[in-house]
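Spelled out, the chains give:
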Amino acid sequence: AQSVTQLGSHVSVSEGALVLLRCNYSSSVPPYLFWYVQYPNQGLQLLLKYTTGATLVKGINGFEAEFKKSETSFHLTKPSAHMSDAAEYFCAVSDGNSGYALNFGKGTSLLVTP
Amino acid sequence: KAGVTQTPRYLIKTRGQQVTLSCSPISGHRSVSWYQQTPGQGLQFLFEYFSETQRNKGNFPGRFSGRQFSNSRSEMNVSTLELGDSALYLCASSLVGGGRSIEQFFGPGTRLTVL
Numbered sequence: 039a040q041s042v043t044q045l046g047s048h049v050s051v052s053e054g055a056l057v058l059l060r061c062n063y064s065s066s067v068p069p070y071l072f073w074y075v076q077y078p079n080q081g082l083q084l085l086l087k088y089t090t091g092a093t094l095v096k097g098i099n100g101f102e103a104e105f106k107k108s109e110t111s112f113h114l115t116k117p118s119a120h121m122s123d124a125a126e127y128f129c130a131v132s133d134g135n136s137g138y139a140l141n142f143g144k145g146t147s148l149l150v151t152p
Numbered sequence: 066k067a068g069v070t071q072t073p074r075y076l077i078k079t080r081g082q083q084v085t086l087s088c089s090p091i092s093g094h095r096s097v098s099w100y101q102q103t104p105g106q107g108l109q110f111l112f113e114y115f116s117e118t119q120r121n122k123g124n125f126p127g128r129f130s131g132r133q134f135s136n137s138r139s140e141m142n143v144s145t146l147e148l149g150d151s152a153l154y155l156c157a158s159s160l161v162g163g164g165r166s167i168e169q170f171f172g173p174g175t176r177l178t179v180l
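Just so you know, the protein sequences line up as chains X and G, in that order. Numbering-wise (the working numbering), the first sequence opens with residue 39 and increments by one. Numbering-wise (the working numbering), the second sequence opens with residue 66 and increments by one.
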């Protein structure tokens, strides 16, 4: 079975600072990895995904993530935080052997201070 | 293209009642999945439907059920509601193609409150 662990339930950064949200996965097969963002009272929006190929994945809104198999990690980064980035971020994994089911991490709440 | 739509957006029920939630996937998407989101348990997979068949099921009691229609629209039903069923229920659709899992697109959710 596959799972993800998000380190840090709350992360606070200053506007303009680097954003780093950590995600480690566990999977017995090559995983598909995703980062989603959720704004208050809304559904989930896909930021980026890793399936195969290039390990550095670029997503929307200036976010990117790097798949590191040796570290079983898929950390999300953004060079410069914006106030509008404040939201809940979820890392998710799927192995494709269970249909399209996603296993989500507990989420990280990102606070951006002026 | 219109996104995933869910109705109703908000529901208030009392314990013991049953409830039906509806989801319309993105046009052309044939896979629909349901998730429950609560502050304590986070996001948990309920079940997935493809071509009117349940393809996968999460670890939820039999009170939770679903179905998919020939137009890919899906409903989920919760019978004998309990206070712990209060949650945001999210529906997601996927474009089924060759290969393995690809991204799911989520609707805005239905907020269910059980009193």
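Just so you know, the hints here were simulated from the structure itself, not pulled from any lab data. Ideal placement from N, C-alpha and C gives every residue a C-beta, glycine not left out. Treat the hints with care, as some may be off.
Residues from chain X that face chain G, not an exhaustive set, calculated with beta carbons under 7 Å [said to hold, decoys possible]: (1) Val49; (2) Tyr77; (3) Gln80; (4) Gly81; (5) Leu82; (6) Lys87; (7) Tyr88; (8) Gly91; (9) Lys106.
Restricting the straight-line Cα-Cα distance to at most 27 Å, the calculated cross-link-like pairs of lysine-lysine (DSSO-like) are [what the hints assert, rightly or not]: (10) X:Lys106 with X:Lys96; (11) X:Lys96 with X:Lys144; (12) X:Lys96 with X:Lys107; (13) G:Lys122 with X:Lys87; (14) X:Lys87 with X:Lys106; (15) X:Lys96 with G:Lys66; (16) X:Lys106 with X:Lys144; (17) X:Lys87 with G:Lys66; (18) X:Lys144 with X:Lys87; (19) X:Lys87 with X:Lys107; (20) X:Lys144 with G:Lys66; (21) X:Lys107 with X:Lys144.
Here are the simulated distance ranges between beta carbons [as the list claims (entries may be wrong)]: (22) G:Thr79 with X:Ser118: 44 to 50 Å; (23) G:Ser144 with X:Gly54: 30 to 36 Å; (24) X:Val67 with G:Gln82: 38 to 44 Å.
A quick look at each hint next to the structure:
For X:Val49, the interface hint is violated, since its Cβ never comes within 7 Å of a Cβ in chain G; the closest pair sits about 17 Å apart. Look at X:Tyr77: its Cβ only gets to about 10 Å from chain G, farther than 7 Å, so that hint breaks. For the restraint placing X:Gln80 at the interface with chain G, the shortest Cβ-Cβ distance is roughly 6 Å, inside the 7 Å limit, so the hint holds. At a threshold of 7 Å, the smallest CB-CB gap from X:Gly81 to chain G is about 4 Å, leaving the interface hint in force.
Here the hint on X:Leu82 is kept, as its CB sits about 4 Å from the closest CB of chain G, short of 7 Å. Nearest Cβ of chain G to the Cβ of X:Lys87: about 5 Å, under the 7 Å cut. The hint holds. The criterion of a C-beta within 7 Å of any C-beta in chain G is not met by X:Tyr88, whose closest approach is roughly 11 Å, and the hint is violated. Because the smallest distance between the Cβ of X:Gly91 and any Cβ of chain G comes to about 12 Å, over 7 Å, the interface hint for this residue is violated.
Given the 7 Å rule on beta carbons, the hint for X:Lys106 is violated: about 20 Å separates it from the nearest Cβ of chain G. Restraint check: the Cα-Cα separation between X:Lys106 and X:Lys96 comes to about 15 Å, which is no more than 27 Å; the hinted pair holds. A threshold of 27 Å between alpha carbons decides the hint, and for X:Lys96 with X:Lys144 the separation of about 23 Å falls inside it, so the pair holds. With a C-alpha separation of about 17 Å, the suggested pairing of X:Lys96 with X:Lys107 holds against the 27 Å cut-off.
Distance restraint check for G:Lys122 and X:Lys87: the Cα-Cα separation of roughly 23 Å lies within the 27 Å cut-off, and the hinted pair is therefore satisfied. With a C-alpha separation of about 14 Å, the suggested pairing of X:Lys87 with X:Lys106 holds against the 27 Å cut-off. With a CA separation close to 23 Å, the supplied pair X:Lys96 and G:Lys66 stays within the 27 Å bound. With a C-alpha separation of about 21 Å, the suggested pairing of X:Lys106 with X:Lys144 holds against the 27 Å cut-off.
Annotation: proposed proximity of X:Lys87 to G:Lys66 holds, straight-line Cα distance about 21 Å (limit 27 Å). For the proposed pair X:Lys144 and X:Lys87, the alpha carbon gap of about 18 Å is at most 27 Å, so the pair holds. Using a Cα cut-off of 27 Å, the hinted pair X:Lys87 and X:Lys107 holds, with the two alpha carbons roughly 15 Å apart. Between X:Lys144 and G:Lys66, the direct Cα distance comes to roughly 31 Å. Violation of the 27 Å bound is thereby established for this hinted pair.
Straight-line distance between C-alpha atoms of X:Lys107 and X:Lys144 comes to about 21 Å, which keeps the hinted pair within the 27 Å bound. In this structure the supplied range 44 to 50 Å holds for G:Thr79 paired with X:Ser118, their Cβ-Cβ distance being about 49 Å. A hinted range of 30 to 36 Å is violated for the C-beta pair G:Ser144 and X:Gly54, which are about 51 Å apart. Separation of X:Val67 from G:Gln82 is about 41 Å and conforms to the stated range, judged on CB atoms against 38 to 44 Å.
In terms of the numbered hints stated before, the structure departs from hints 1, 2, 7, 8, 9, 20, 23, listed from lowest to highest.
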